[in-house]
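S.K.: Just so you know, the sequences run in chain order A and B. First residue of the first sequence? That's 1 in my numbering, and the numbers climb one at a time after it. First residue of the second sequence? That's 1 in my numbering, and the numbers climb one at a time after it.
Keep in mind that the hints were calculated from the coordinates and are not lab data. Any given hint could turn out to be false.
Said to hold, decoys possible - Pairs of lysine to any residue residues, derived as SDA-like cross-links and limited to a Cα-Cα distance of at most 20 Å, are as follows: (1) Lys-59(B) with Glu-3(B); (2) Lys-60(B) with Lys-99(B); (3) Lys-34(A) with Ala-133(A); (4) Lys-95(B) with Lys-59(B); (5) Lys-115(B) with Ser-138(A); (6) Lys-60(B) with Lys-115(B); (7) Lys-31(A) with Asp-12(B); (8) Lys-207(A) with Gly-132(B); (9) Lys-207(A) with Lys-120(B); (10) Lys-115(B) with Gln-145(A); (11) Lys-122(B) with Ser-138(A); (12) Lys-37(B) with Lys-51(B); (13) Lys-207(A) with Asp-31(B); (14) Lys-60(B) with Arg-103(B); (15) Lys-207(A) with Gly-30(B); (16) Lys-36(A) with Asp-12(B).
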Amino acid sequence: MASMKAIKNRIKSVENTRQITKAMQLVATSKMRKAKEKIEESRPFFETLSEALSDIASGTVDFSSPFTQKKEGKACHIVIAGDRGLAGGYNNNLFKSLSYNDGDIIFPIGKKVVEYFSKKNVSFFTTEYQIAADVKISDCNSIGQALAEAFEKGEFASLDIYYTGFVNMLTQLPASKEILPLTSKGDGDKKKALIEYDPSPEVVFAKIIPHYIGGIIYGGVCESIASELSARRTAMENATDNAGEIIDSLSLTYNRARQAAITQEITEIVAGSNQ
Amino acid sequence: MNEFDLQIVTPDGICFDGKAQKIILRTTEGDVGILAKRANYVAALSIGVAKVVTAQWEKKAACSGGMVSVTDGVVRVVASTFEWGEDIDIARAEKAKEKAQNRLASTPKSEYEYKLAEIKLKRSLARLSASGKN
């Protein structure tokens, strides 16, 4: 049986760990609430924007915008993950869902994405927006602008985004969405209604696309942050529970060892007095 | 007056969702008024004052960036910012206006900085005029 002192030390260290995980859980829970509010606020924007854009794309067949043309070539992936670990499978689940080819361009948001891809055969669009927690809507608009320009120049042929969708506190699912080129949905015939563009479809598209990309990125960031926090909350809750279990079983062992020591001492005293 | 469904959304939430009689918006091509039964229409928005008229009230707002679309009678305004005049902090907007003016008046910097100051000035002017001043 392990010595009493060793067991006591272990209990202490597990207790310290539990304190830390408990604190992290509480922090994640309180941040979580804010992040959830943010999602609820931004979701209508996100949805209306996507809806409006796909309506336009399916209604427009009679003009050529660089944003609707399918091309062959490199792809650009926007990948949104966390800045830190200790969030269960949050980062790994997303990385597992990625599909990319060698030579593709990655737009990383989140430190873990940069770490993950730095060993891979891909190039970064920019690593300016590494910290996912700091990305604001104004940043998203400038990202959208930069990406739209690069797409027009032909630096890449398609653009998609990978993020973690927030389903509820316990479930977060990796999700992906194609952004460019804009493709019309199957029911294009039904919605072929004429749309009046002011001044012309090309100009309107050129103005709207950067906003569209920015909006989608912002939505993805909001969802991902909430997902990360709830993943961390769950992970830390489990860690706290596990630490509690370890402490319980260690205390039991400790009490047994103490009892054994007492019994032995008594036996020795009794044996000594009988002589 | 005929009414139509109007939705105004920004990344910070829904600003309006309901029936309206008229909306005037600043697009990249100039001010555009939309009434009920407008034909399908799409335009990009620029920085400016928007006016919404419903059966009960008439309100101004400062609006910037994004798009307006009319599809089958539903008007959607998807803007980067959309602030009702009554919510605007006038003192802050004044300050922003002065700051932007000073920056524009001082020696010209890079083109990017100039543009940025110009946008800031436009935005503060729009906010001031939406709040009823100027």
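S.K.: All the hints need checking, so say for each whether the structure fits it.
M.R.: Now for the hints, and whether the structure bears them out:
| no. | hint | verdict |
| --- | --- | --- |
| 1 | Lys-59(B) with Glu-3(B) | holds, 16 Å |
| 2 | Lys-60(B) with Lys-99(B) | violated, 24 Å |
| 3 | Lys-34(A) with Ala-133(A) | holds, 12 Å |
| 4 | Lys-95(B) with Lys-59(B) | violated, 24 Å |
| 5 | Lys-115(B) with Ser-138(A) | holds, 15 Å |
| 6 | Lys-60(B) with Lys-115(B) | violated, 26 Å |
| 7 | Lys-31(A) with Asp-12(B) | holds, 17 Å |
| 8 | Lys-207(A) with Gly-132(B) | violated, 29 Å |
| 9 | Lys-207(A) with Lys-120(B) | holds, 19 Å |
| 10 | Lys-115(B) with Gln-145(A) | holds, 15 Å |
| 11 | Lys-122(B) with Ser-138(A) | holds, 16 Å |
| 12 | Lys-37(B) with Lys-51(B) | holds, 18 Å |
| 13 | Lys-207(A) with Asp-31(B) | holds, 17 Å |
| 14 | Lys-60(B) with Arg-103(B) | violated, 28 Å |
| 15 | Lys-207(A) with Gly-30(B) | holds, 15 Å |
| 16 | Lys-36(A) with Asp-12(B) | holds, 13 Å |
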